[in-house]
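Novice: Residues per chain are reported as follows:
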Amino acid sequence: MAIIEKRNSVDFAFSLITALASGVVVLLILGILIVLVRESWLAISHFGVVKFIKSTDWDPVKENFGAATTIFGTFVSTVLALFIAIPVAIGIAIFVTEISPNFMKEPIGIAIELLAAIPSIIYGMWGLFTLAPIMSKYIEPALKASIGAVPVVGILFQGTPMGIDMLTASVILSIMIIPFTASISRDSFNLTPAVVKESAYAIGATKWEVVKNVVLPYSKLGIYGGITLSLGRALGETMAVAFVLGNNHQITTSLFNAAATITVTLANEFTEADKDLYLSSLFYLALILFIMSFIALALAKFFLLKAERKTSR
Amino acid sequence: MKVLVSVIVAVACLFTFSAAHAEDILNGAGASFPAPVYQAWAYDYNKATGIKLNYQSIGSGGGIRQITSRTVDFGASDAPLSPEALDKDGLLQFPAVMGGVVLVVNLPGVKSGQLTLDSEAVCKAYLGETKYWDDAHIKSMNPGVTLPHTEITVVHRSDGSGTTAIFTNYLSGQCSDWKTKVGAGTSVKFPVGIGGKGNEGVSNYVKQAATSIGYVEYAYAKQNNLAYTLLKNPQGKVLAPSFETFKEAAASANFDPKKHFDLWLVNAPGKDAWPIAGATFILLAKDKKDSSMKTVKFYDWSFKNGDSKADELTYVPLPKALKDKVRAYWKEHGLI
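Those protein sequence lines, which keep their order, are chains R and B.
All letters in the first sequence, in the order written, are residues 1 to 313 by the numbering used here.
All letters in the second sequence, in the order written, are residues 1 to 336 by the numbering used here.
Please keep in mind that the hints were generated in silico from the structure rather than gathered at the bench.
Backbone N, C-alpha and C define an ideal beta-carbon position, used for all residues, glycine too.
Any given hint could be a false lead.
[What the hints assert, rightly or not] Residues of chain B placed beyond 10 Å of chain R at every Cβ, according to the derived structure:
hint : residue
1    : 24
2    : 27
3    : 39
4    : 40
5    : 54
6    : 90
7    : 124
8    : 132
9    : 136
10   : 173
11   : 182
12   : 188
13   : 189
14   : 240
15   : 257
16   : 311
[To be verified] Using 16 Å as the maximum straight-line C-alpha spacing, the simulated EDC-like pairs for lysine to aspartate or glutamate come out as follows:
hint : chain 1 : residue 1 : chain 2 : residue 2
17   : B       : 181       : R       : 276
18   : B       : 258       : B       : 324
19   : B       : 179       : R       : 59
20   : B       : 259       : B       : 84
21   : B       : 131       : B       : 151
22   : B       : 189       : R       : 57
23   : R       : 62        : B       : 177
24   : B       : 222       : B       : 311
25   : R       : 275       : B       : 84
Please work from the sequences and hints to get the whole structure.
Specialist: Right, dumping it as structure tokens:
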């Protein structure tokens, strides 16, 4: 009897500790939200919600603040980074799981995981001292000369290439998020039952057909999961882009222009924000980013659940 | 059990030990610009007196907030606070050390000290009104320099900084268009140009971008071998940036202890005064007399013994007359 009781109390203590641990997470998120709202209250009551989000003004001297430019920058850099990263990442995953000879699988896998382990400040320094000059000297002039001449799409590649711009920032961001998408896609590709793949090969399908018709449909969920993680990281990434984005509060059509994201603005201006309204507006930006990330991840979760239900049916 | 007891004893010892030492620790926080020199002084001061000083370079905004909430012994700010703001939060303020800001250019064949600019030329370039280097006004000041017909790439700071505050105050003082359109502050809405993060970011862009102009602290221009320009000050004299011209700016400026030294050291009246200099300030809490007195003791010691260290780190020590003014200010407020 005593033994059972003891076991029960250990069990109880254990579940209590785990419940506490997960409760702390929820409390933390709520706490962060409360602090953000409280600190940004001055700016919220001063500018309102719609006006603040719509305003493209960011003038610390005249104390006129708006979030449109930074929301735009955050959104564009994230989308562009995903646009560059997803095809590459899926390509890596397909190569590692389906095409590469066995002896290469491990080294490539480790290399990708190492890429994820590099601190973002190092990406930032590398971006500033190495990538930015390469972009401004070779890649961007080439893009300007080729795609820049095409109507409509060409608008994206106008202006003097300085290397400190949206394009460079997005390229760095994409390098940073490739490992997430690639390793999760690889893991889910590996989950495709060998029987199904072999059956496809048996009826004469080529490698391309197997990947397209068997592996990719099977692992759709995993790929979405990887992209979601990357999206979260790209939205919040700070130091890597702070060095190469220029922190110019403007909305432009050309990718060769400097821009600002919410995180870059916070990193650049928080320490020297000397007026109350200025500081409060920065908190307001942080609150907006918090909500944006929350919505993005919630949407992604929603689609994942929907896809899951579809496949389980 | 024995182990446990000894651990407890050890921890207890550690605590009493650090508690005994806590008396000899001074905590300061704020501006990042003077951090290296404060830390160097603190190191020497510790060797001389055994008193430890922790200085955290968290930025001027942070320094002001921390001293206002009284969580540190002293705060530091690159921008002087107005007497009204100081009175509101019960603070005192004095200058500790100075620095100069210089304009640097990247033009083919132009070396340090070969190009001359004045506030009008700088202002128009930063407003985007002068677009090309072979502008008539710039040409008229530089008869011996061949200026190319290429665009002026303007480089400014992307992060909030005391350097930007000094630079924009200089422009606001001389150029009414700048004052009304942009204004002065730690971050402003620059009409044109690209932003670099920190002095190193601006130096790097100026080096990379052909035919560019930027503003950096004097120390950075020197360390990175950037071509600095000469400047014509409001008195009409063309000067090279140097310790002498920075010091002349401080010596000729009218720092008023009654206004708690609230003054931007730009466009100083001296004939040989470099027009873009700035002092960086220490903030003390009136109601924390003990902390303030200890802080004052440290700066008094540094004023006496720290000049050569400041020189070494390319900071400009305050001229003697200003040091005496600051000492009189301390005495007046009963801190020394």
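Novice: So, against the hints stated earlier in the document, which numbers end up violated here?
Specialist: Going through the list in order, the structure violates hints 11, 12, 13 and 17 and respects the others.
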